[in-house]
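> Each protein sequence line maps, in turn, to chains R and L. Note that our numbering has the first sequence beginning at 1, numbered continuously upward. Note that our numbering has the second sequence beginning at 1001, numbered continuously upward.
Don't take each hint at face value.
Restricting the straight-line Cα-Cα distance to at most 20 Å, the calculated cross-link-like pairs of lysine to aspartate or glutamate (EDC-like) are [unchecked claim]:
#1 R:K78 / L:D1131
#2 R:K78 / L:E1081
#3 R:K78 / L:E1088
#4 R:K9 / L:D1279
Since the hints were made in silico from the structure, they are not lab data. A quick note: this is a predicted structure, and the numbers were derived from the prediction, not measured.
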Amino acid sequence: MSTVTTIFKRELLSYLSTPLAYLFTVIFLVLSGIFTFYLGRFFERGQADLNSFFNFMPWLYLVLVPALTMRLWAEERKSGTIELLLTLPVSPSAWVLGKFLAAWVFLGCALILSFPLWITVNYLGEPDNGAIFAGYLGSWFMAGGFLALGSMFSAATRNQVIAFVLTLVVCFVLVASGFPLVLDAFSVWAPNWVLDLVAGLSFMSHFEAISRGVIDIRDALYFISIMVFGLWLTAHLVRHTVKR
Amino acid sequence: MIKLQDLEKSYGNLHAVKGISFEVKPGEVLGFLGPNGAGKSTTMRMITGYIQPTRGNISVMGTDVLSNPQKAQEIMGYLPEGAPLYGEMTVAAFLRFVGQVRGMTAQRLNERFDEVVRQVSLQKVLSQPIDTLSKGYKRRVGLAQALIHDPQVLILDEPTDGLDPNQKHEVRKLIQNLSKDKIVIISTHILEEVDALCSRVVIIAKGKIVADKTPMELAQMSRYHKAVYVRFSEEYEPLEALRALPEITEVETCSDHGYLLYTEPGTQALHAVNQLIHDRNWDVEELHVEKGRLDDVFRRLTMEDAA
């Protein structure tokens, strides 16, 4: 466990020593602001909640998370540091976990930095702060799901652009499968259980309830299992594909 | 002890390593030689547990690398080819990171840190990001990282590649001064390095071992071994007389009135040559017996295999 902590610290510090982290945070905050106020009509809705902020979270992650995860493994493979890393007496799972946790905590920090919105909504009205807290927690869990999938695709290729595109496409499918656009295509011919399955796989349907402040254990389990699955596959890929 | 048994590695149809076996005992410095693409790095990567062999066994100090890579990696220090490092980290942060990942206690790490930094002279660049360092310094950071836990086994893939002559000399001195009960395997292209450092040489070509000898035995395989070199102060036209000596098989004319006299294997020609010089009253500026040239042996062994 202490090795995971050491790796986690190194990874987190390496984010802070590159301009990428600052650029990422700024873009995240600016975009979430634009989404909330313009597309989400924060003021026009006249409601004291952050739904217009959380509703756009999946779309924001869709673009930003692959940019964060594409370098996780692909860069190590390209620069050759993977050889250094895999000849140290540490199991690949410790690296996978340490790298993931660093990215997850980093994203959590970016999320927390959106606190001026929370102050604003508390200044303007009397929101349900419990629901807002649930929304933040849900966003963070969903981010974990995105990150685990991104880490998997980064381990699958040595090309960062390919890692980016694959993560984007798969995450898009997972987000969009809960939308009428996709579901309607199924509803014409498919039985209900297929429809439920497709909708059940969507990030959207699990995130929606949480973002409204309803924490259902099944939704939490959904994101946790996505994370476990993604990281398990990453470790498998590192062990077998990267090491050849 | 390191033991390699019938080690093989194939990538599809490409057979990079085709059945390599050797043993290295504590105290030995093994020079691992071969042309580019002969399978040196691949073999070292298999020893350090980075890649899986297609067939064969590797044990390091009694630990099977295939079934228990982490235990074997604990007692090994490894400098990969090209010395890849985390460029954004400072030298000090990087070395401490490697020590911590290796599970060293804070006190032990502090001791070893100071020791290693002194050994490879990194004092001046400790707080610099690795990316900003020169090639020589980067290589030394790579060496420091391999030495930080004072390993029993050191695997160094081209440790002096890209260094200037002074830096090469320093790295060699460092390897020579390592404790005498360690096992060191270094791969190199530089044959003088083998002479200066190694107690044993394994030469591979096209994935197979073509020689496993001491540097001296290797030099004896050279056609220059025991050849006599003589250089006169002026031109005497000695060719006829030299060729007439029974011990001498061939005479090669060199620059500045010099001649290289190849001898029949197992014979000693110096005495006869000396006698001739005396008889003719020639004025000689230089006269010595060649020990043999490693580059000549290396070329012959590795080209033979190619043919």
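> Sort out which numbered hints this structure fails and list those numbers smallest first.
Hint 4 alone not satisfied by this model.
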